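Numbered as in our numbering, the sequence shown ends at 291 without a single skipped number.
Just to be clear, a hint being listed does not mean it is correct.
Quick list of simulated restraints, FRET-style, between CB atoms [claimed, not checked]: (1) Ala154 with Arg289: 41 to 51 Å; (2) Ala153 with Arg192: 22 to 32 Å; (3) Gln186 with Ala229: 20 to 30 Å; (4) Arg287 with Glu193: 37 to 47 Å; (5) Arg192 with Cys145: 18 to 28 Å; (6) Gln152 with Arg192: 11 to 21 Å; (7) Arg149 with Leu194: 13 to 23 Å; (8) Arg287 with Val133: 21 to 31 Å; (9) Gln277 with Gly215: 23 to 33 Å.
Lysine-lysine pairs mimicking DSSO-like chemistry, simulated, CA-CA at most 30 Å apart [as the list claims (entries may be wrong)]: (10) Lys178 with Lys285; (11) Lys219 with Lys178; (12) Lys219 with Lys285.
Because the hints were derived from the structure by calculation, they are not lab data.
Computed from a predicted model, the values in this text were never measured in an experiment.
Positions of the beta carbon are idealized from the N, C-alpha and C atoms, including for glycine.
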Amino acid sequence: MTQAPHGFGAHTWQLASALTCYLHLRGHWQDRGLGLACAGLKQFDDARTHCLRALDLFQEAGHHTGQAQVHLNLAWLAGVQGRNDEGLHHSCQSLRHYQAAGRRAGQAKALNNIGWHTAQQQDYKQALASCRQALAIVRELDDRNSQAHICDSLGYIYYHLGRHEKAIESYQHALALFRATGDSYGEATCLSGLGDIHDAVGEGRGARGAWMQALAILDRLGHQDADQVRAKLRLRVA
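Using the sequences provided together with the hints, build the complete structure.
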């Protein structure tokens with residue numbers, strides 16, 4: 054690997070960060086940073102190893118933004134493996150580092166993560182407060198993709214609070230933003246959640262339509278989450 058010229062360190066990590074975001078939106082898991090790529094490909098042990106190594110390096114460098122981002126990655130990794138207490142811990146650490154770095158966009162992402170993991174612990178009122186705080190920040194910053202992710206979280210939270218109309222409204226807003234920003238994986242997960250709500254309120258046709266759209270996207274991305282959506286569709290047909 055060629056080392057960046059002296060004085061171009063900031064440009065190098067910013068370019069890598071921008072490319073990582075682009076590759077994530079398009080679902081190019083093989084082309085991303087090692088920790089994120091392994092996580093996207095369900096190689097969780099390898100993902101955790103790479104993320105912890107990255108965290109050590111950022112700690113040595115005293116780089117708050119880098120530590121914050123890795124903690125977010127570790128939170129996501131813990132969440133998909135069902136370790137939500139650990140996910141919440143990493144999310145809170147991420148918020149602390151983003152606050153130290155003065156990165157408001159990052160703070161919003163960490164707050165959304167805190168809301169999500171709190172919701173997984175069934176504390177939906179506290180989760181709602183965290184996500185609303187995050188949404189206020191990204192609306193001010195006009196960060197549409199982050200708005201999409203937060204609205205997706207709110208859809209899930211409102212659903213579990215029994216506020217189905219508000220849940221559908223949040224998911225539909227998230228869906229429009231995911232499509233506008235080209236976030237294919239986000240679009241698919243949002244459609245899957247939207248289908249769940251339609252199914253819960255007895256709207257079988259709406260549920261099937263949303264799940265079919267989600268499945269088409271996940272199959273195109275070659276993502277293993279497609280199997281979960283197929284299972285929902287089989288149960289609906291049965």
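Comparing the hints with the structure gives:
| no. | hint | verdict |
| --- | --- | --- |
| 1 | Ala154 with Arg289: 41 to 51 Å | holds (46 Å) |
| 2 | Ala153 with Arg192: 22 to 32 Å | holds (23 Å) |
| 3 | Gln186 with Ala229: 20 to 30 Å | holds (22 Å) |
| 4 | Arg287 with Glu193: 37 to 47 Å | holds (43 Å) |
| 5 | Arg192 with Cys145: 18 to 28 Å | holds (23 Å) |
| 6 | Gln152 with Arg192: 11 to 21 Å | holds (19 Å) |
| 7 | Arg149 with Leu194: 13 to 23 Å | holds (20 Å) |
| 8 | Arg287 with Val133: 21 to 31 Å | holds (22 Å) |
| 9 | Gln277 with Gly215: 23 to 33 Å | holds (31 Å) |
| 10 | Lys178 with Lys285 | holds (28 Å) |
| 11 | Lys219 with Lys178 | holds (14 Å) |
| 12 | Lys219 with Lys285 | holds (23 Å) |
Checked against the numbered hints above, the structure breaks none of them.
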